[in-house]
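Undergrad: So you can see what is in the structure, the chains are spelled out below.
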Amino acid sequence: MEIRLSGILCQATGGASTVEVSGATIGEMLASLALKHPAIQDHLDDGVAVAINGEIYRDRTDQVIPKGAEVFLLPRIEGG
Amino acid sequence: MPYETDYTNQKFSVIGNRVNRPDGVDKVTGRAKYGADASAAGQLVGKILRSPHAHALIKKIDTSKAEKLPGVKAIVTGDDFPDFTGGNRSLMDTLENCMARGRALYDGHAVAAVAAVDAQTANQALKLIKVTYKKLPHVTDVDEAMKPNAPIVHDWIRTAGVDPAPTTASNISQRNEFGHGDVETGFAQADIIIEKTFKTEQTHQGYIEPHACLATLGPDGVGELWVTTQGHFTFRNMCASLLGLDVAKLKVTSSEIGGGFGGKTHVWMEPVALQLARKSNRPVKLVMTREEVFKATGPTSSTSVDVKIGAKKNGRITAASAELRYQSGAFPGMWGMLGAMTSFACYDLKHVKSVGYDVLCNRPKVAAYRAPSAPMAAFGVESVIDLLAAELKMDPVEFRIKNAAKKGTQASYGPVYGPIGIGPTLEAVKNHPHMKKRLGKNQGRGVACGFWFNFGGQTCTDLNIGIDGSVNLTVGTVDVGGSRASLALIAAEELGVDYDQVRVTIGDTSSLGHNDTTEGSRGTFSSGMATIFAARNAVDVMKQRAADTWGIPVDQVVWEEGVARAKGRQNSNLPPLSLKEIAAKSPRTGGPIAGHNEVVADGAGVSFASHICDVEVDPETGSTRVIRYTVVQDAGKAIHPDYVEGQFQGGAAQGIGWALNEEYIYGDDGTLQNAGFLDYRIPVCSDLPFIDTEILEIPNPNHPYGVRGVGETSIVPPLAAIGNAVSNAVGVRMTHVPMSPPRILKAIEDAQ
Amino acid sequence: MSGVTVSAKVNGDAVQYVCPPSESLMDVLRNRLNLTGVKEGCGTGDCGACSVTLDDRLVCSCLVLGAEAEGRAIGTVEGLSQDGELHPLQTAFIDHAALQCGICTPGFLVAAKSLLGRNPNPSEEEIRYALAGNLCRCTGYDKIVRAVQSAAKVMRKQKRS
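Those sequence lines, one after another, are chains A, B and C.
If you use my numbering, the first sequence corresponds to residues 1 to 80, in order.
If you use my numbering, the second sequence corresponds to residues 1001 to 1752, in order.
If you use my numbering, the third sequence corresponds to residues 2001 to 2161, in order.
Hints in this document: simulated from the structure, not taken from any laboratory.
Worth double-checking, as some hints may not be accurate.
[Claimed, not checked] Part of the chain A face toward chain B, derived, beta carbon under 7 Å:
#: 1; residue: Ser6
#: 2; residue: Ile8
#: 3; residue: Gly54
#: 4; residue: Glu70
#: 5; residue: Glu78
#: 6; residue: Gly80
[Said to hold, decoys possible] Below, in silico cross-link-like pairs of lysine-lysine (DSBU-like), each with a Cα-Cα straight-line distance of 35 Å or less:
#: 7; chain 1: C; residue 1: Lys2159; chain 2: B; residue 2: Lys1033
#: 8; chain 1: B; residue 1: Lys1406; chain 2: A; residue 2: Lys67
#: 9; chain 1: B; residue 1: Lys1350; chain 2: A; residue 2: Lys36
#: 10; chain 1: C; residue 1: Lys2157; chain 2: B; residue 2: Lys1033
[What the hints assert, rightly or not] According to the in silico footprint, chain C covers these stretches of chain B (three or more CB under 8 Å from chain C):
#: 11; segment: 1208-1222
#: 12; segment: 1479-1493
#: 13; segment: 1633-1646
#: 14; segment: 1688-1696
C-beta atoms are modelled at their ideal positions from N, C-alpha and C, and glycine is treated no differently.
Construct the complete structure from the given sequences, taking the supplied hints into account.
TA: Laid out in structure tokens, this is it:
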């Protein structure tokens, strides 16, 4: 599947804002991404957010990614 | 329904009622215990010595005289905090912010702390500590700090997010770019382009309760912390990491919290209090003064923002771009990034680009403040939107409606939206009676929109049913604005019992699994979700007990309105069993009845608001009065409308203060000039009108009841709504917040 | 430092305490008499969270010395409810959701009671100016003003009957 990245995360993929990865869940998808682009690991350790069809998931690595879903990797965010 | 979504409307029996909050009596009688209201036998008083300089090397700290003062039991400096961070930079930043390590980075940075038998002795001891400083060049302005010759706050900072990676230090900790399409193509298609620069000054969350805690920590590494916090589990983890303790050996109890707004999501002096307690082996109570709160805790960023938007004559925006420079204080932050992510989130844009810079200055470490970073970005964007509408001779609300994001729009920060509320809030504004009120002389009206993400996160909840059928709900999210009432409503709804039968307690860190901090508008969303699941688990137990009592399979039992019923004609002779009856028999049917849930409550729906504001500006003095104010916001589902309205009104009031009065004023020497409520003026009762509210309910498909967080978005539109209103009243575009009387007068004079 | 011995009345009860001459009445009430309903928001008289009455005069207890209370009557939030009944202002604050975090509530209640003692039927503007010395950061004051209006009505009715 193709995932998209934004912000500072693109630096870890050599500037690419779309990356082809595999995985049925958020956890598998992130592992596949880290295998391809090891530099992303630091960001994954700090925490990232994953938007699946527009809904933002921060912590659920077991979240299933539906087929054909739009997946967007965002930097982790803080709130008040 | 005017804003139908693909989510079915639900019928509720108690949800949505304006019940009295369970902690009401405690809070109107003075019984409720806040951070500074606890004491322990033999407790000492802790006090912190703070740097008077904006930036200085700490050459020597001589504590010998203070140590000899009778009644002084412990003194700590940076040397008393060994590095347990394991190379984690962000943890080290937190530690260094709690207590300076060789360098004072801002006026008010902690350099030493004392525990003594009473406040007088502790204060006297602070005066006896001799610190030898060597002053260093400082910088407090965000634009100045970005210049190549600016004094460098940390020589290890290399700007992240630029290619090629820089090799020299700068104050820009990171650059983040968001967007899609190609803005140059988009601007080429525009008939009109407007570009403008905006500034906003630094403000403080301004919670009325100063930071306070009571700490004990024995030589065995076992400790307790009573503290005013938005997240006692996070505080426990932080303090344990910073002090090298086992997480389970530190019990943190959240007191009643006297306001937080993001400012009580981080540790400040709690590790210091624990370390003083460890060194003295006595309980230590540490309460900040208001001056310390202003100088050393959580302000928000000051900013400098460029916004450029282009549109066609038909009113469609063709491209939008922004550069956002956010000051993060003396340590790196993510604030410019958040500004860049939120800036254009309200609009459906084909070509959009926003670039955020996080910039270090010699100011206190910036903390989250209610929808952090979004209000400043919205100030710039919503001002330019108004300017464009005026150029296009379009109504500013119609112009916004025409360009509003909707379901399926690709958000400027990346993903595609599900069902969202920006369009409906604007339609509601358009039709609101407020818009038809006549304006008088020197009056102006402004409208603005705002966006915030909302979070869910880790949550853990326990529900226990007593022998008499009353219900104890224990949650781990701190109640910052009435969430206990909402959660009791939810438990009552699920169980089918009266609201009054449920008592909600905020559990300490030893009574529940980890709960994330109450931030990102998550309290009612996430604990509400966990409460629903915990209650459903308890219902399963009760159905089983009923089935066992009747001797039928559990799949023949249903739970309806607080009673178990046996389904089917063959069971028609079995009278229903109420929750009370099942609870009464529980000792003999298998023991206590409980439901538990731990969940990562992800899928918090994004939140939008549109505000209307009328102001009157005195052209002689530049003084502005807000005369009418209306908040329209999507709540997903309002569990307790009173407290949803309360969030809307409170956020609007904070935004009004930010827009008109509040600002950190630094002298040339880099010291804060107005660290008190007299000179840092938050809105008082006589400054404000009644704040009208309209709650929209566009259900969040990811929550069983459709709840969206409501706490933060209300502070996003006010800066721009007031900016637009003041600009319309005086006929001059205001670009600098706060729009204090001198700034308004100067803008009028400059225009003449 | 030698202490000052003070005899005063607090919420109708006779009390005696010893405090250093420099200690504020707020610290005395909170730390010596355990009346922690008196809140400290600033210690400089700007926020009103420590509002109490001193012989029926509304004061910030952080700006009064403990020693000054000799022979005087002090009223705090703890004295508002009588005979197990909440004061109408207390009831109205709960009914109208006029508090969120609640830290400013004791001060508002004491200040509002003082206002209604002087003026049983205040206009909205009079309420807003009378309470301008009490800071609230959560509510935007909307529901507080409404609660005071509602309590005033109840109290006028009680007085008539």
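Undergrad: For every hint, state whether the structure bears it out.
TA: Hint by hint, here is what the structure shows:
Contact between Ser6/A and chain B, as hinted, is supported at the beta carbon level, the nearest pair being about 5 Å apart and thus within 7 Å. Taking 7 Å as the C-beta cut-off, the interface hint given for Ile8/A holds, the closest approach to chain B being about 4 Å. Against a cut-off of 7 Å between C-beta atoms, the interface hint on Gly54/A holds, since the closest Cβ of chain B lies about 5 Å away. Contact between Glu70/A and chain B, as hinted, is supported at the beta carbon level, the nearest pair being about 5 Å apart and thus within 7 Å.
For Glu78/A, the interface hint holds, the least distance from its beta-carbon to any beta-carbon of chain B being 5 Å, beneath 7 Å. Taking 7 Å as the C-beta contact cut-off toward chain B, the hint placing Gly80/A at the interface holds, the least distance being around 3 Å. For a cut-off of 35 Å, the pair hint linking Lys2159/C to Lys1033/B stands: about 34 Å separates their Cα positions. Restraint check for Lys1406/B and Lys67/A: the C-alpha separation of about 23 Å stays at or below 35 Å, so the hint holds.
Between the alpha carbons of Lys1350/B and Lys36/A the distance comes to roughly 30 Å, so the proposed pair stays at or under 35 Å and holds. The suggested pairing of Lys2157/C with Lys1033/B holds, with an alpha-carbon distance near 34 Å, which does not exceed 35 Å. Coverage of the segment 1208-1222 of chain B by chain C holds [criterion: at least 3 residues with CB-CB distance below 8 Å; count 3]. Residues of the segment 1479-1493 of chain B lying with their CB closer than 8 Å to a CB of chain C number 3, which satisfies the three-residue condition for coverage.
Closer than 8 Å: that is the beta-carbon criterion, and the segment 1633-1646 of chain B has 4 residues meeting it against chain C, so the requirement of 3 holds. With a cut-off of 8 Å between beta carbons, the segment 1688-1696 of chain B has 3 residues touching chain C; three or more are needed, and the interface restraint holds.
Violated hints: none; the structure is consistent with every hint.
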